[in-house]
Each structure stands twice: as C-alpha cells, then as structure tokens.
Amino acid sequence: MRRRPGIQGLQRTVQARDQYKELGRNVAETKLEQMRAQMASFKEHLEDFALKHRDDIRKDPVFRAQFHTMCANIGVDPLASNKGVWAQVLGFGDFYYELGVQIVEACLATRSLNGGLMDMQSLMRYVARRRGSKADPVTEDDVLRAIDKLQVLGGGFGVVRVGDRRLVRSVPGELNTDKNQALLLAQGRGYISKRQLTEAYNWEEPRVVETLWSLLKEGIAMVDDQGPGGQRLYWFPCLESSGNVQADMPG
Amino acid sequence: MSDFTFPFFFNYPPYFTLQPVKETRQKQIELWTELILRYCRHQKEFIVSTDPADDSPLFFNRSIERRLNREARVVFLNELVSRGNAQWLDKSQQQCLVLWKKLGEWADVLYSTIRQFGLQDSVMTLDELSSGDDVKDTELEGAPKALLTEVIRLLEAQGKAQMFSGDGDVGVKFF
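Same order as they appear, the protein sequences are chains A and B. If you're matching positions, the first sequence starts at 6 in this note's numbering and goes up one per residue. If you're matching positions, the second sequence starts at 31 in this note's numbering and goes up one per residue.
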C-alpha cells in the first residue's frame, strides 16, 4: 500500500533541506576562506618574487617582458596604478612614465617632418640616444607598453602596422586601408608612383589620386618630381628607418 | 677649412622639389633657409645663383641626383630676403647676396676694422676693402663689391663714411 504524504513527512523534508543549506553555506565559507588565504599568499609570493628580482626586472629587458607576460596571464597589471604596491616595489611607474615622456618628445620633435608617423626603429634610436648610454636598455616591448599607457591621455597615440613594420602614430586620425596599402607598397624603396599604386591594386584613378593627396595633406608623404623619367614620386619619411631622415633629427 | 656637414634632409630626394602642401612647404623652407645661411657662412660664399644650371654643391646633390630648380631657389631666397638675411642683386632675381651677417652687423665689422688699422680719413677703394693687405685674414676678405657698397651706404647714413666715384673706381673715406 502506498503511503500518502502526511504532515510529518513534509516536515522532515523541510528539515533536511534546511540542513543541506546550512552545510552548503559552511562549505562555501570555508572554500572562500581558503581562496582568500591562497590569494594572499600568492600575492605575497609574487611580491616577494618581484622584490627579489627587482634588479633583474629593471635592468634586463627580456626578463622584464617575461614578467609582464606572467602578470598578464594571472590578470595582474603592474602598470595599472602609479600608487599601487607594484609601483612601490619595482619603481615601474617611473620607468614607463619616463619612457612615455621620451616617446612623446621624439614624436613631437619629428612630427613636422613625418606627419606624425614615426618608424618604430627610428623612435627607439631616438629614445636610446635621449636616455644616454648609462640608462637601462629599452626594448620594443617596453615602448609598446609605454605607448599603451599614453593612450589614456588621448592625443591619438597608437601603433599602426604596415606589413611587418610598426609605425608609431602621434596624431589623431585613422590610417584607412587605402593609405595603409599605399604605405605597404612603398616599403623597402621608401616611395611609390601613381602608376605603381594603380597597377599594384587595380584601383581606379580617382581612388589613387585621393589616397595620395590625402597622404600629402596629412604630411605623411612628400612629392619628388625628379625621379627617373620625370614621373612624380611620393616619398614617405616614416618609412626611412635605415636612412637618416628621422634618425639625425636635431635632438 | 673643415668639411661642411650637410644636414639629414639633403640626402632625401623630396626636399629638392617644392612641396605643394602648405605646412610641409613651410618646414621645407625653414630647413633650406637655415642650410643656405650655414653653408654660405662656412664656405665664405656671398653670392648664390638661381640659375638651375649652376652646380653649386649647395643646391645640387650629385649622389642622389637631385637639384633645386629656379622656382625653389627663388622661394627660399625670398624668405631670407624678407628676414633681412639676403638681398637680390638684380630685378630678375638671378643673383642673390646672402647675408649670414645682417647689413648692420657688417657695418660694425667694417667700421671697427677701419678703426683698428687707423685707416680713418684715408681714402680706400672697394678692392682694397675686400682684398687689400689690410683686410687679409679678416672677415672682410673676399667680400664682394655689392656687399661693401650696401654696407658703406649704411655707414654713410650714419655719417661714418663717404663714397666718391671717379676714374671708374669707387673710393671711400671713413670718419
């Protein structure tokens, strides 16, 4: 015979549920407690690590990059604040702050010559010269990090990719696809002609003209009417990383 | 004389073509005018030509095969003229006197040289002032007549000199 649910049965069920709830809460609390302790000890260890290797992190650019990667993996940003424990432990804030200032300086000093697009290698040479030989070495990774931090200031700082080359942009504005394509084509030689651009991408004449004119207007390109055959060449100072156009800038 | 070091832009072809965009051209003018003054001072060149056939190393970079055309030369020199750092020698703007020292400064140089050598009250020719024994190894050595004439005119206005012309030559007396 089947038992019907009685008042006692119901009460028992409710009781059991409450007990489970209680137990669950206890378990969760213990877990949380453990996690807190783990986090605290982890943070402590990370700080210990950072402190212990402080000199390596500051002096050795490769090690520094690895440290950054590690921090990124575990969701810690040592550069997030200048006041945090990281800045205090490592003096990181100052390092990137200083680098940021030097990058801005380099970009401003050369802006009227390159239209606000500066080759990464030129920028690094400029920065290295500005810092002097005694300063800790700086890598592209550091420069990229510093630029990333500069973005919060507005002002259009950013990094543009043209093929396998990185250009640092210091003026607001987009380098649209067409302009990027034009720069890409000019890589290596440092210049292009209208005809080369037309033939390379099969563009209609107005598109070519518009792209080149726009690059001229922004100061990114310069014309040269004395190329072979007298055709007009469009040169890009921002692509002159090996040449002296940017590197010899009066500092 | 030590070798002249050309600036970075001298090896970059587009700087030899007058730029169509205003801001870029402004920068180009700035760089070229500075170069012209620095070059002329270093080489002790007083007169430059706007004739594009002129192969002065100042306006022609053989290694990249680029030269300034007449229009570009005139634009850059006109900028110097407007700043008092140059003077056209003819209406058609063929020749330009480059004043890396302004006329007033040249007047001071000339007058103090004259005083230094005790040549006041004696009459000198322009030739003597630019290539005579007295001015040898001074800044005046090699100064063209065009420059001297301008400078002496300035001194005349200050009452410090007087020019005479006679026998096809020009004589100057300093006070």
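None of these hints come from the bench; they were simulated from the model. Keep in mind that a hint or two might mislead.
[Said to hold, decoys possible] List of simulated lysine-lysine pairs, PhoX-like, C-alpha gap at most 20 Å:
1. Lys222/A <-> Lys131/B
2. Lys74/B <-> Lys222/A
3. Lys57/B <-> Lys74/B
4. Lys131/B <-> Lys74/B
5. Lys166/B <-> Lys121/B
6. Lys222/A <-> Lys199/A
[What the hints assert, rightly or not] These stretches of chain B come out as covered by chain A in the derived footprint (C-beta under 8 Å, 3 or more residues):
7. 40 to 49
8. 79 to 93
Ideal Cβ positions, reconstructed from N, Cα and C, are used throughout, including at glycine.
Outcome of the hint check:
At most 20 Å may separate the alpha-carbon atoms for a hinted pair to count; Lys222/A and Lys131/B exceed this at roughly 36 Å. Distance hint between Lys74/B and Lys222/A is unfulfilled; the C-alpha atoms sit about 38 Å from each other, more than 20 Å. Straight-line distance between C-alpha atoms of Lys57/B and Lys74/B comes to about 26 Å, which puts the hinted pair past the 20 Å bound. Taken as a hint, the Lys131/B and Lys74/B pair is honoured in the structure, with Cα atoms around 11 Å apart against an allowance of 20 Å.
Pair hint Lys166/B plus Lys121/B does not hold up; C-alpha atoms about 32 Å apart against a cutoff of 20 Å. Only pairs whose Cα atoms come within 20 Å are accepted, and Lys222/A paired with Lys199/A is accepted, the gap being roughly 16 Å. Check result for the region 40 to 49 of chain B against chain A: holds, 8 residues qualifying (beta carbon to beta carbon below 8 Å, three or more required). Figure legend: the region 79 to 93 of chain B, annotated as covered by chain A; annotation inconsistent (0 residues with Cβ-Cβ distances under 8 Å, at least 3 required).
In this structure, the hints that do not hold are numbers 1, 2, 3, 5, 8, in rising order.
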